[in-house]
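Engineer: Spelled out from the first residue to the last, the chains are:
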Amino acid sequence: KAGVTQTPRYLIKTRGQQVTLSCSPISGHRSVSWYQQTPGQGLQFLFEYFSETQRNKGNFPGRFSGRQFSNSRSEMNVSTLELGDSALYLCASSFGTKGQETQYFGPGTRLLVL
Amino acid sequence: LAKTTQPISMDSYEGQEVNITCSHNNIATNDYITWYQQFPSQGPRFIIQGYKTKVTNEVASLFIPADRKSSTLSLPRVSLSDTAVYYCLVGDYSTGRRALTFGSGTRLQVQP
Numbered sequence: 001k002a003g004v005t006q007t008p009r010y011l012i013k014t015r016g017q018q019v020t021l022s023c024s025p026i027s028g029h030r031s032v033s034w035y036q037q038t039p040g041q042g043l044q045f046l047f048e049y050f051s052e053t054q055r056n057k058g059n060f061p062g063r064f065s066g067r068q069f070s071n072s073r074s075e076m077n078v079s080t081l082e083l084g085d086s087a088l089y090l091c092a093s094s095f096g097t098k099g100q101e102t103q104y105f106g107p108g109t110r111l112l113v114l
Numbered sequence: 115l116a117k118t119t120q121p122i123s124m125d126s127y128e129g130q131e132v133n134i135t136c137s138h139n140n141i142a143t144n145d146y147i148t149w150y151q152q153f154p155s156q157g158p159r160f161i162i163q164g165y166k167t168k169v170t171n172e173v174a175s176l177f178i179p180a181d182r183k184s185s186t187l188s189l190p191r192v193s194l195s196d197t198a199v200y201y202c203l204v205g206d207y208s209t210g211r212r213a214l215t216f217g218s219g220t221r222l223q224v225q226p
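Here the protein sequences line up with chains L and Y, keeping their order.
Mapping the first sequence onto our numbering, position 16 (from 1) lands on 16, and the numbers just tick up by one.
If you want our numbering, it's the position in the second sequence, counting the first as 1, plus 114.
Please keep in mind that the hints were generated in silico from the structure rather than gathered at the bench.
Remember, it's a predicted structure, so these values are computed and weren't measured experimentally.
It is possible that some hints are incorrect.
Computed cross-link-like contacts, DSS-like style, restricted to lysine-lysine with a CA-CA straight-line distance of at most 27 angstroms [what the hints assert, rightly or not]: (1) Y:168 with Y:183; (2) Y:166 with Y:183; (3) L:98 with Y:166; (4) Y:168 with Y:117; (5) Y:166 with Y:117; (6) L:98 with Y:117; (7) L:57 with Y:183; (8) Y:168 with L:98; (9) L:57 with Y:117; (10) Y:183 with Y:117; (11) L:57 with L:13; (12) L:98 with L:57; (13) Y:183 with L:98.
This is chain L alone, in the form it adopts within the complex (with noise of 0.2 angstroms):
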């Protein structure tokens, strides 16, 4: 099976634009979950999808959003950004009950906000 796919890979934005990532999660997992890393705070979670509702949130303010497709595919959001944005954006798409979960990440887009 193909694994989970981001795109694109490397993006550079300015302060306030916007920008949206997306996400293709392995054939068959319905639940797709964004993290944002970087080095001071570590991989935080963003928000989870399952059959195209949000299933659970992080605490990030609500410049960020995402939505999940019916085909599962997911995309996040984010609006006016800041320089604090700057990070790699992971996806991660699961199979299982929940807590019983296994995540499988893709490669991640790297985000650079000038």
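Starting from the known structure of chain L, arrange chain Y on it as the hints suggest.
Structural biologist: For chain Y alone, kept in the frame of chain L given last:
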């Protein structure tokens, strides 16, 4: 807010056994504990997952005590290619909603 903590770094030599412990004192009752390996500029890679006692696969073992407030990843006979950052991941309900919480990561350096 609950924290999932790990040692920041560890050093080892090729052929040795390495044990990395994660403390997760607010783990959700029904959640499993999962460990990942991450190399620079890559996404985390699944290593092992367990609920309690001991789990073993072809690359690692996972030890979980009865209270499940910690877990220990054991890597037998490490090699240079095991140099990476290792993370534990648990579900945490301390905020009232389940949040998947990564540990702070342990940077393992394996020397020849």
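Engineer: Would the hint linking residue 98 (chain L) and residue 117 (chain Y) be met if the CA-CA limit is 27 angstroms?
Structural biologist: OK: residue 98 (chain L) and residue 117 (chain Y) at ~21 angstroms, within 27 angstroms.
Engineer: Measure nothing beyond the straight line between the CA atoms of residue 183 (chain Y) and residue 98 (chain L); if it is 27 angstroms or shorter, mark the hint as holding.
Structural biologist: holds, 19 angstroms
Engineer: Given the hinted pair residue 57 (chain L) and residue 183 (chain Y), is their alpha-carbon gap at most 27 angstroms?
Structural biologist: holds, 23 angstroms
Engineer: Is residue 168 (chain Y) within 27 angstroms of residue 117 (chain Y), Cα to Cα?
Structural biologist: holds, 23 angstroms
Engineer: Are the Cα positions of residue 57 (chain L) and residue 117 (chain Y) separated by 27 angstroms at most?
Structural biologist: holds, 17 angstroms
Engineer: Keeping to a limit of 27 angstroms between CA atoms, is the pair of residue 98 (chain L) and residue 166 (chain Y) held or broken?
Structural biologist: holds, 17 angstroms
Engineer: For the pair we were handed, residue 168 (chain Y) and residue 183 (chain Y), check the Cα-Cα distance against 27 angstroms.
Structural biologist: holds, 14 angstroms
Engineer: Holds or violated: residue 57 (chain L) with residue 13 (chain L), Cα cutoff 27 angstroms?
Structural biologist: Roughly 25 angstroms between the alpha carbons, so the hint for residue 57 (chain L) and residue 13 (chain L) holds.
Engineer: Quick one, are residue 183 (chain Y) and residue 117 (chain Y) close enough, alpha carbons at most 27 angstroms?
Structural biologist: holds, 11 angstroms
Engineer: Take a quick look at whether residue 98 (chain L) and residue 57 (chain L) sit within 27 angstroms of each other, Cα to Cα.
Structural biologist: Since the Cα atoms of residue 98 (chain L) and residue 57 (chain L) sit roughly 15 angstroms apart, the hinted pair holds (cutoff 27 angstroms).
Engineer: Is the hinted pair residue 166 (chain Y) and residue 183 (chain Y) satisfied, with a Cα-Cα distance of at most 27 angstroms?
Structural biologist: Cα-Cα ~10 angstroms, so holds.
Engineer: Would the hint linking residue 168 (chain Y) and residue 98 (chain L) be met if the CA-CA limit is 27 angstroms?
Structural biologist: holds, 21 angstroms
Comparing the model with each numbered hint stated earlier shows that all of them hold.
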